[in-house]
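Novice: If you read the sequences in order, they're chains A and B.
Every number in this note's numbering is 52 more than the matching position in the first sequence, counting from 1.
Every number in this note's numbering is 91 more than the matching position in the second sequence, counting from 1.
These aren't lab readings, by the way, just hints derived from the structure by calculation.
Ideal placement from N, C-alpha and C gives every residue a C-beta, glycine not left out.
Errors might be hidden in some of the hints.
What the hints assert, rightly or not - One-sided and incomplete, this derived list gives chain B residues near chain A with beta-carbon spacing under 7 angstroms: (1) S202; (2) E306; (3) V335; (4) N341; (5) Q345.
Residue-level listing of the chains:
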Amino acid sequence: MCLAIPARIIELDQDRAVVDAMGNRWKAKTTLLPGVKLGDVVLVHAGFAISLVDEEEAKKTWELFAQIDAFESTQNRVSG
Amino acid sequence: MLDRITHAQQTIADSCGSLDRPITIMEVCGTHTVSIFRSGIRSILPEKVKLLSGPGCPVCVTDQGYIDAVMQLADRDDCLIATYGDMIRVPGSDGSLETRGSKGNIRVVLSSEDALQWARERPDTTVVFIAVGFETTAPATAVVVKEAAAEGIENFSVLCGHKLVLPAMRALLGGMNDRIDAFLCPGHVSVIIGSGAFAQIVADYHRPCVVAGFEPVQIVEALAEICRQLAAGKAELKSLYGAVVTEKGNVAAQRIIDECFEPADGYWRGLGRIAKSTLALREPYRRFDAFERFGLEDGPGRENPGCRCGEVLCGLIEPAECSLFGTRCTPEKPVGPCMVSSEGTCAAWFKYGRARGRGK
């Protein structure tokens, strides 16, 4: 449940942001991370940015998610 | 990457070689549990290294008394229930939110903000937000409680079930499970409380605490660091997740938690009542407390008969030692929360552990 996803802030109006991870976009609030800027990569949990993330770390996580996606779709094909 | 794994494996092997006893490491984070299983980390560890999944899944540690309070709310006609999806299938003493949602009174939300928004849209009735989760999730609840207070949204209410990880770790080390040699500390809880928060556990109990993220290589490296410390007779605090976690944590989030909540004694599944281990709304926000508003109690609940989730959560038994595991209790028809939650230990064992067992 503590799952959090790194995503880039692509729109920002006060503490209301739109974030993007691998082309998926959703709304998030930056209330807990005052001072973030457009373009920052943040860790988003339950609709809130909770931490700044460095670019390299974010890329690793995105790659990991992509691998899991690919792996699970293979699994589904095998079992289905 | 292979170099890093080989190096970590060598450290683990060397450390095990110099110790004449097994090494027991507990992780207290559901996301770690899943990552460890999914990546097959157990299969590359020597038999001497035993990994235990502790009370790291918020849904799993939520006591039956709280679940039953949620069910009582679901049966009322004067409130709507907004919940994170994780809670929807958790069985109470009689049914789950899933089986009671026929009246359209239950909505799955991805954020506390969605719960508050529902309250704005439905001023005629009270929206109760089922607020579970550790320190990672509590700030999101605090933000909307403050918003509700500022906007005067009095038809919003929170059934506060937030829990704190450190008191549970202390309870385990304080006598509930004396086999734990070290902790793999939760990455995203640490984002909020800071890696430095575990220093006191290291000092008081002389157990290594290593904070790690969720990349399998980093988890293996954290296990290697723990083994290295144990072999050297040391207990230190280390963080390998510096890319995301700072020593002090998210101070703004800590501040808003303190502003809205105060630590309170509370019940955990399996661990029982732990002093100052849960968060309760404090003044001037207490009027949003659903326990008070609806006269509910968060007492100790009655476990479903035969369910041994409590012992699983304390690392006292492995899921397969429960007679319901895989027979009467499966992910499709779960009896206990550790099988319901995708991050639950039993669900992970069922999905990944059994498959491996069949291969042997």
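Novice: Grab the minimum C-beta distance from B:E306 to chain A and call the hint holds if it beats 7 angstroms, violated otherwise.
Specialist: OK, holds: B:E306 within 7 angstroms of chain A, min 6 angstroms.
Novice: Is the hint on B:N341 kept, meaning its closest Cβ partner in chain A is under 7 angstroms away?
Specialist: holds (6 angstroms)
Novice: When the nearest CB of chain A is found for B:V335, is that gap smaller than 7 angstroms?
Specialist: With Cβ-Cβ at 5 angstroms, under 7 angstroms, it holds.
Novice: Identify whether the interface hint at B:Q345 stands, where standing means a beta carbon of chain A within less than 7 angstroms of its own.
Specialist: violated (10 angstroms)
Novice: Report holds or violated for the interface hint on B:S202, using the least CB-CB distance to chain A and a cut-off of 7 angstroms.
Specialist: Interface hint status for B:S202: holds (3 angstroms vs cutoff 7 angstroms).
Of the hints listed earlier, the one the structure fails to meet is number 5.
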